[in-house]
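> Given next are the chains, with one letter for each unit.
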Amino acid sequence: MEQQPFPLDLIQTQSAWSATYRTLAAVGPGAGTVTLRRRLLRLSTQLWRHPYRAVPGSGSAARIELREQARSEDAREAGAA
Amino acid sequence: MTGRSVIMHVRCRPDTDADTYRRLLDLLGEVSPLVQPLPPGAALVQAGGALRLHRTDPGALAQRVRVRALLHTGTDVRIGVADTWATAATASAHTGPDGVLWLPDEPAVRAFLAPLGIEELHGVGTKTAQELRRYGLHTIGALAAQPESVVCRLIGRQGRVLLQRAHGIDPRAVVARRLPETSSVSHRFERDMLDPVLLRAALLDLVVTLAERLRAREQVAGALSLSVRLAGGGSVDKTRRLPAPSHHTDDLRTALWRIWDALAFQRARIRGLTLTAEDLTSDGTGPGTQLSLDPAREARHRVEPVLDAINAKYGRAAVRPAGAYREAG
Chain A
2 MEQQPFPLDL IQTQSAWSAT YRTLAAVGPG AGTVTLRRRL LRLSTQLWRH
52 PYRAVPGSGS AARIELREQA RSEDAREAGA A
Chain B
34 MTGRSVIMHV RCRPDTDADT YRRLLDLLGE VSPLVQPLPP GAALVQAGGA
84 LRLHRTDPGA LAQRVRVRAL LHTGTDVRIG VADTWATAAT ASAHTGPDGV
134 LWLPDEPAVR AFLAPLGIEE LHGVGTKTAQ ELRRYGLHTI GALAAQPESV
184 VCRLIGRQGR VLLQRAHGID PRAVVARRLP ETSSVSHRFE RDMLDPVLLR
234 AALLDLVVTL AERLRAREQV AGALSLSVRL AGGGSVDKTR RLPAPSHHTD
284 DLRTALWRIW DALAFQRARI RGLTLTAEDL TSDGTGPGTQ LSLDPAREAR
334 HRVEPVLDAI NAKYGRAAVR PAGAYREAG
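Which chain is which? The protein sequence lines are A and B, in order.
Each residue of the first sequence is one higher than the one before, starting from 2 at the first, in this note's numbering.
Each residue of the second sequence is one higher than the one before, starting from 34 at the first, in this note's numbering.
It is worth saying that the hints were derived from the structure and are not from the lab.
Some hints could be false.
Claimed, not checked - Pair by pair, the computed Cβ-Cβ distance ranges are:
hint, chain 1, residue 1, chain 2, residue 2, range
1, B, Ser315, A, Glu74, 52 to 62 Å
2, B, Gly356, A, Gly33, 43 to 53 Å
3, B, Gly82, A, Ala63, 52 to 62 Å
4, B, Arg250, A, Glu74, 47 to 57 Å
5, B, Asp59, A, Glu69, 57 to 67 Å
6, B, Glu181, A, Asp75, 28 to 38 Å
7, A, Glu69, B, Ala178, 23 to 33 Å
8, A, Gly33, B, Arg250, 29 to 39 Å
9, A, Glu74, B, Pro140, 39 to 49 Å
10, A, Asp75, B, Pro140, 47 to 57 Å
11, A, Ala79, B, Glu181, 48 to 58 Å
12, A, Pro52, B, Gly169, 32 to 42 Å
13, B, Arg97, A, Glu69, 16 to 26 Å
14, B, His127, A, Arg50, 39 to 49 Å
What the hints assert, rightly or not - Not close to chain A: a few residues of chain B, all C-beta gaps over 10 Å, as computed:
hint, residue
15, Gly92
16, Gln96
17, Gly107
18, Pro130
19, Leu149
20, Gly150
21, Gln191
22, His200
23, Ser217
24, Ser219
25, Leu231
26, Ala256
27, Ala351
Unchecked claim - Take a look, some chain A residues computed to stay more than 12 Å from chain B by CB distance:
hint, residue
28, Gly29
29, Tyr53
30, Glu69
31, Ala79
Since the model is a prediction, treat every value here as computed from it, not as a measurement.
Glycine is no exception: its CB is placed at the ideal position from the N, C-alpha and C atoms.
Please work from the sequences and hints to get the whole structure.
The structure is reproduced here in structure tokens:
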């Protein structure tokens, strides 16, 4: 069964989320992380409350698929730049 | 479906400090009351009963836990989610870049475990792995395909447990526990210290302070550990279990001198001392106190509450052992 393609804004949110998570994890606890933390929280909410999520069948497999698409999108952009 | 087991195995980075770990456990306690700490850097959460509360599936819940852990404690955790302890622990070591691996059903568990190397199985050490590899059992799938009698002949009685785990079976339940509490006092010398008399005075002062604190909190210590920081930047740690949990200055002092004698410093230049009372439990739990037949000891125990009361009224160091007064020496 072919998976429906994800909306572009969802893929972009996911890729921004991953980037923010990575940055915050690399920085570690301490001062100067407030902006990053707020950003991660906002992106997480956007990600989980996205209307596309309400579609039945968007379970665990869809989540992994979305992450992979976001990653490949990132890789393509990095290649183009 | 009710009563389904959903175990999350949460794994911190190896460099996580004790304070962060404690905060992480508090955070996990908000997800589900069934949290079992696996110190120093892991924890198990039985989230089976909490899914309805959070109205989500285990994979999404684990993702949320991961984000919350990063937001609140600043630590990046990896979470394996499965229906048994062993599988979840194996999964948390193989989460990949996503940080969460959820194995929702039995086929998924089997497909995940089968291609892994034999040493990845929870509970297989280097020796057992070598032994199994010697017989050509290189993957968990290969082990799972063997009959029980064969595996037991190869590695003994442990084989049965390992074979079950290779099939994704693990009967161990998550038991809600609290992290064993500790309390510590430390002393830093202004200059590197060589003088044994002054060192003993500092140690005595530490142990008296610690014992007083335990009695004030109505706790007893199960073990005592001493950490000595040396001039070179290195440090030496030694822990000793007490014969019986205690909060009497006498018992702690005896244990401390044993530790100190065992360290046998000769010309070490010492920069700082930290004394920690470990395995704290509240006084009055556990078996009763053994009657002491030593009148001197009984007398000292009887005078302790009096000394505590005097110190509480007139300041912390009103009454101390003579040896603890550094200036007098």
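> Taking C-beta pairs only, is Glu69 (chain A) more than 12 Å away from all of chain B?
Since the minimum Cβ distance to chain B is about 9 Å, Glu69 (chain A) lies within 12 Å and the statement is violated.
> Is it true that the C-beta distance of His127 (chain B) to Arg50 (chain A) lies inside 39 to 49 Å, as the hint says?
30 Å Cβ-Cβ, so the 39 to 49 Å window is violated.
> A cut-off of 12 Å on Cβ-Cβ distance, and Gly29 (chain A) was said to be off the interface with chain B. Does that hold?
violated, 6 Å
> State, for the Cβ atoms of Pro52 (chain A) and Gly169 (chain B), whether the hinted interval 32 to 42 Å holds or is violated.
Given a distance of about 53 Å, which is not inside 32 to 42 Å, the answer is violated.
> Would the least Cβ to Cβ distance between Gly92 (chain B) and chain A come out above 10 Å?
Label violated. Min Cβ-Cβ 4 Å, cutoff 10 Å.
> Compute the least Cβ-Cβ separation between Gly107 (chain B) and chain A, then decide whether it is above 10 Å.
Violated, because the least Cβ-Cβ distance between Gly107 (chain B) and chain A comes to about 3 Å, which does not exceed 10 Å.
> Evaluate the condition: distance from the CB of Tyr53 (chain A) to the nearest CB of chain B exceeds 12 Å.
holds, 14 Å
> Are all beta-carbon distances from Ala79 (chain A) to chain B longer than 12 Å?
Ala79 (chain A) clear of chain B: closest Cβ-Cβ about 15 Å, beyond 12 Å.
> In this structure, is the beta-carbon distance linking Glu181 (chain B) and Asp75 (chain A) contained in 28 to 38 Å?
violated, 48 Å
> Does Ser217 (chain B) sit more than 10 Å from chain A, CB to CB?
holds, 22 Å
> Glu69 (chain A) and Ala178 (chain B), beta-carbon distance inside 23 to 33 Å?
Since Glu69 (chain A) and Ala178 (chain B) have Cβ atoms about 31 Å apart, the given range 23 to 33 Å holds.
> Falls inside 29 to 39 Å, the C-beta gap from Gly33 (chain A) to Arg250 (chain B)?
holds, 37 Å
Hints 3, 5, 6, 9, 10, 12, 14, 15, 16, 17, 18, 28, 30, counting from the list given before, are not met by this structure.
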